[in-house]
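Visitor: Chains as they are written, first to last, in this note's numbering: chain A, 1 to 305; chain B, 306 to 653.
Check before you lean on any hint, since a few could be wrong.
According to the in silico footprint, chain B covers these stretches of chain A (three or more CB under 8 Å from chain B) [said to hold, decoys possible]:
(1) 10 to 22
(2) 68 to 77
(3) 83 to 96
Worth flagging that the hints you see were computed from the coordinates, not collected in a lab.
All C-beta atoms, glycine included, are put in the ideal place defined by N, C-alpha and C.
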Amino acid sequence: MIEISSVTKAFSGFRAIDNLSLHIRSGEYVALLGPNGAGKTTLVEMIEGLQKPDSGTIAVMGKTWKQNPAYLRNLMGISLQETRFIDKLTVGETLDLFGSFYGLGKGRSREVLQLIGLEEKGRSFTVNLSGGQRQKLALGIALLNQPPLLLLDEPTTGLDPNARRELWEILMTLKGQQRTTLILTTHYMEEAQYLCDRIVILDRGQILADGALSALLDSFAKGEIIELETSHPMPENTLQALPGLIEWSQEGTSKIKLTVTNITLTLPILLDKLRSLTIEAVAIECRKKTLDDLFVAMTGRRLNE
Amino acid sequence: MNNSFVNLVAIQFREFIREPSSLFWALLFPIGLAGVLGLAFAEKGNVTNRVAVIMNSYSQASKKQIDFLQRDATFDTRFVFKDASRDQAFTQLKRGAVSLILEPLPAGKFSFHFDPQNEAARMQYLLLEKKLQQTPEGAVAEIHPITTQGSRYIDFLIPGMIALGVMNSCIWGIGWGLIEWRIRKLLRRMIATPMSRVEFLLAHFVTRLLLCLIESVSLLLFARLIFDVTVQGSNIALFAVYLTGVAAFGGIAILVAARPQKTQIGSGIINMVTLSLMILSGVFFNYTNFPVWAARIIQFLPLTLLADGLRAVCNEGAGLVQVVGNCLLLLAYGVICFWAGLRVFRWH
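Just chain A, with the same shape it has in the complex (with noise of 0.2 Å):
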């Protein structure tokens, strides 16, 4: 579907994209990862046809912009981060007039419209639309040319986490039904998590990690944590002699938090010792590890910094 190659884009001497290289299969979901300013928004409006790379090259469909741009932007459906349409013109007529520029009828704004889930607010205004709406009317308008590629720009930034699930749904929806692909700039974990099959880290306009996130997990940072406060400091040789102990710190005298390859295989005996040294556990946490961690563990950053 998509073919990235060796692609650089620098503004005023800052490299925003880096040599970077991607091929996308049709029928994906991959999320772009990173913090802001990693690049995302830079890579997603190259393939968009918004920006030109300074080198390298991008082909969708075996077809680049130079060649067929009336072709790709039929292809496309898109999202920018933070559009504002014309303050009074009602959510229908904002999608006709984009509809007519596919060529559509405004029976297909009405099908979009359901879709989003904006039927009451056809007649609003889009100025009085909630942030959330907002967000919902720019998916509307990527998917009124029921687009084979949806690139979605931070579609839920800002935005509250009912309002987030909302939209997110609008897209598993999408994923059920028909074959699109899916590129979605974010720096939600939960998002990318959620929402996508593939997952691709980018930090300072390159590729970190590319990847289901299980695999990621898997290459990246191994193992499961737990996180545990306690009464009094426990024993270091004790610790140590833990089965399954990938690493361990500690947090202050008391609060400790232990890298395990199984939590299944690991607590019930960290408990035997805890009871046995009658030392009271106050905290216990157990979790796998999140994208977050995984970023953390390569950047030595977290994502939402």
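Since the structure of chain A is already known, use the hints to place chain B on it.
Guide: Same frame as chain A, now just chain B:
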């Protein structure tokens, strides 16, 4: 000490100094404007009044009197007397090049032709009349108030107002609209669809043509009802001038809006274009007040071409043939600016 009042004053100064465009508007633009207006009105320290003299009935006595008026240095205001035929004199009056016509009568008498509603003309009449009292012949003047349609100040003003309306409507309507859509990233979103860019810009132009038509027809109807302003020439010629005027300013609007990405810069450029044209192009007073070299350039500015064309049709009864030059030049402005604007247009 970190006083809140001092801070509140200081932040506004910082804001002002750190925005170069506001510096331009607050400091440089008024100075430039004063300079330009000064050029028009303060030449040689005095206001120059041009008076047309109908020469067919020149008697020796009246010639002597005009020489006297011309030579006299006690006037605060300078008078320049220009010989003209009766027709020429009235055409100049219609164009606003003169506000007063002096017609010598037998035995050193004069008749004055002017619009009593025109303040400047009344002033000129009073000055000249007072001066004439000192001549041996005495003040033996007749007043002929000009109330015929097409010759009054209101007849001069209305076509100018229509031209001004077209300019403002086009440049603010199209230009500002495009800049605002660019800032909202709406242009960027639109060109990501298969929308035709030429069609997009033409749609703005056609919308503006229809809106301008409503605005101008209302103004013309108002002037007709209240001031009895009429169109003396051909309606086709009027429409041709009008249409090419909208074309010119539509094209200029697209050129003006081609680059700006900030509202301050956008409104700055738009203000600069519209204000300078408004002041230079003789909407409210005739541009012959400017020095000859400047007037020679000004007559080819788009707003001047439009206003002069409309005046020729409304007041002088011009037909298509008389205004075809104005139409072609206006069209050229439109086409060239549209083309140039499209070339450099920043879609995102």
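Visitor: Work down the list of hints and note, for each, if the structure agrees.
Guide: For each hint, the structure was consulted:
1. 10 to 22: With 0 residues close enough to chain B, the hint is violated.
2. 68 to 77: holds (count 4)
3. 83 to 96: holds (count 4)
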